[in-house]
Amino acid sequence: MTFSSSGKRAVGPRFGGLVVGAIVAGVFSVVVGCVAITRVGTGIGMATGHVDENQAAALERSAEAVERSFEDFTPEQEHYIGRAVGAEILSRYEPFDESKVNEYLNKIGQSLAMASDRPEIFAGYRFVVLDTDEVNAFASPNGLVMVTRGILRLTDSEDGVAAILAHEIGHIEHKHGLAAIRTSRVTAALTSAAITGVRVASSEEIAELTDIFENSIEDITSTLIDSGYSRGAEREADRAAVRMMQRLNYDPDALLALLEEMDAAFETKTIGLARTHPAPSRRIRVVERAMRDHPKPPAATQARQERYERLLGAI
Amino acid sequence: MSRYKSVMLAIAAGVLVPMLIHGSAQVSVAVKEARVREVPSFFGETIEVLTYGQQVRVLHDERGWKRIETSSGNIGWLHESAVTAGRVTFSAGDGDVRHGAGDEEVALAARGFTEQVESRYRTERGLDYEWVDRLEAQEAINPDDLREFLREGGLKVPEEDGR
Numbered sequence: 031m032t033f034s035s036s037g038k039r040a041v042g043p044r045f046g047g048l049v050v051g052a053i054v055a056g057v058f059s060v061v062v063g064c065v066a067i068t069r070v071g072t073g074i075g076m077a078t079g080h081v082d083e084n085q086a087a088a089l090e091r092s093a094e095a096v097e098r099s100f101e102d103f104t105p106e107q108e109h110y111i112g113r114a115v116g117a118e119i120l121s122r123y124e125p126f127d128e129s130k131v132n133e134y135l136n137k138i139g140q141s142l143a144m145a146s147d148r149p150e151i152f153a154g155y156r157f158v159v160l161d162t163d164e165v166n167a168f169a170s171p172n173g174l175v176m177v178t179r180g181i182l183r184l185t186d187s188e189d190g191v192a193a194i195l196a197h198e199i200g201h202i203e204h205k206h207g208l209a210a211i212r213t214s215r216v217t218a219a220l221t222s223a224a225i226t227g228v229r230v231a232s233s234e235e236i237a238e239l240t241d242i243f244e245n246s247i248e249d250i251t252s253t254l255i256d257s258g259y260s261r262g263a264e265r266e267a268d269r270a271a272v273r274m275m276q277r278l279n280y281d282p283d284a285l286l287a288l289l290e291e292m293d294a295a296f297e298t299k300t301i302g303l304a305r306t307h308p309a310p311s312r313r314i315r316v317v318e319r320a321m322r323d324h325p326k327p328p329a330a331t332q333a334r335q336e337r338y339e340r341l342l343g344a345i
Numbered sequence: 291m292s293r294y295k296s297v298m299l300a301i302a303a304g305v306l307v308p309m310l311i312h313g314s315a316q317v318s319v320a321v322k323e324a325r326v327r328e329v330p331s332f333f334g335e336t337i338e339v340l341t342y343g344q345q346v347r348v349l350h351d352e353r354g355w356k357r358i359e360t361s362s363g364n365i366g367w368l369h370e371s372a373v374t375a376g377r378v379t380f381s382a383g384d385g386d387v388r389h390g391a392g393d394e395e396v397a398l399a400a401r402g403f404t405e406q407v408e409s410r411y412r413t414e415r416g417l418d419y420e421w422v423d424r425l426e427a428q429e430a431i432n433p434d435d436l437r438e439f440l441r442e443g444g445l446k447v448p449e450e451d452g453r
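Top line first, the protein sequences correspond to chains A and B.
Oh and the first sequence: position 132 is 162 in this note's numbering, straight run, nothing missing.
Oh and the second sequence: position 34 is 324 in this note's numbering, straight run, nothing missing.
The hints are simulated quantities; they were obtained by calculation from the structure and are not laboratory data.
Just so you know, even glycine gets a beta-carbon here, dropped at the ideal spot from N, CA and C.
Where hints are given, some of them may not hold.
[What the hints assert, rightly or not] Computed far set for chain B versus chain A, every beta-carbon distance over 10 Å: (1) Gly334; (2) Thr336; (3) Leu349; (4) Ser362; (5) Gln428.
[Stated by the list, open to error] Derived, one-sided and incomplete: chain B residues facing chain A with beta-carbon distance under 7 Å: (6) Phe333; (7) Phe403; (8) Lys446.
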């Protein structure tokens with residue numbers, strides 16, 4: 031199981047590279063560190079009367095020249111972003127309020143999440159069915175996965191349900207939602223406000239941040255609902271899904287079968303997913319490649335098929 | 291030669307000083323609640339529950355897990371996705387997640403998206419968070435039930451076969 035590539039490098043012949051890398055990393059951390067230090071410094075300076083407002087603003091402008099990436103959001107900020115995305119989606123689609131069905135979905139989903147490369151997320155993973163015929167599935171950055179009755183009807187096995195959920199967990203694992211936020215907003219969110227030296231941001235600062243927040247959520251929801259992730263992101267989520275399924279012995283063939291069903295459904299253009307996802311035929315090739323060299327898992331047990339039919343067979 | 295030495299020294303200082311300041315073996319809890327396990331597995335016994343932002347010392351890494359020592363002296367395991375390098379800052383108003391934050395951290399804290407921002411956002415949008423709150427409050431499936439679920443379905447239980 032690979033978590034990072036750096037740990038695998040050969041030490042000897044790459045030593046020169048490592049030294050250069052360490053220097054670059056060192057310099058980089060100093061540069062990044064400076065942003066924080068300058069900002070705290072100006073705040074304290076202003077509070078103590080050593081720096082006037084103009085000087086502070088000038089200091090800040092130079093510090094803010096460093097562009098921020100979505101990777102700079104703290105886990106807590108990712109959580110708040112995800113909650114808002116979840117609330118937006120749940121205001122458009124009614125949840126299917128059947129506790130037995132949702133519990134079953136959570137058992138499949140939480141098992142897959144545990145087998146993912148990101149089993150721990152701020153407030154944990156949760157899964158819920160949306161009460162609509164539309165064929166769609168959403169993942170919000172706080173670990174909330176929402177799948178429609180319509181998409182669940184495209185499969186006839188627990189492995190198929192696992193394929194849908196694993197793909198969505200893949201988007202969360204790779205932070206595709208956060209990556210949909212425009213860089214200018216990320217930079218603005220992470221460098222604005224709270225520099226006045228007071229402990230709590232003023233209402234103007236909160237208002238400014240709320241505007242940036244609203245636009246950021248809009249970036250994500252419009253990607254999820256209208257434009258869709260890039261093909262690269264979909265490929266990454268598919269590969270992650272195959273990996274999770276293999277680790278639990280779910281059969282990734284179920285993901286292929288699902289994509290074929292979607293391909294057929296795409297023809298009719300009646301489904302929401304057709305707007306936002308690349309043609310399934312392209313994704314099938316990616317999944318087939320990811321599945322190569324792995325033995326086919328044992329067939330599903332009778333108990334697995336029975337529980338599926340009992341709880342989701344008539345969805 | 292002496293010039294070469296001083297250049298090398300300067301470079302070494304440039305690399306080492308930030309590494310020392312950042313404390314390479316210290317990591318922070320990146321989730322609301324992290325269960326420190328007796329063994330590197332989600333099915334292992336919990337020996338301590340840590341909260342967001344608490345710092346722990348990493349003793350060593352093993353297949354996605356970190357053997358750590360907590361500030362209260364317990365030694366156990368956290369999955370690497372439960373921690374983040376360095377310190378995390380807190381949002382203003384989240385009293386329960388602020389453990390020993392220094393003045394600088396509190397000054398940094400009010401930046402970015404916080405509880406206050408969410409509260410204003412939901413009011414302005416007239417957005418209903420009821421389902422989001424409800425789902426978040428749902429207990430996670432108990433690890434023993436999860437293991438039973440996997441076994442019953444003829445599936446593989448992670449970490450039981452040395453993955």
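Ascending list of hint numbers which this structure does not respect: 5 and 6
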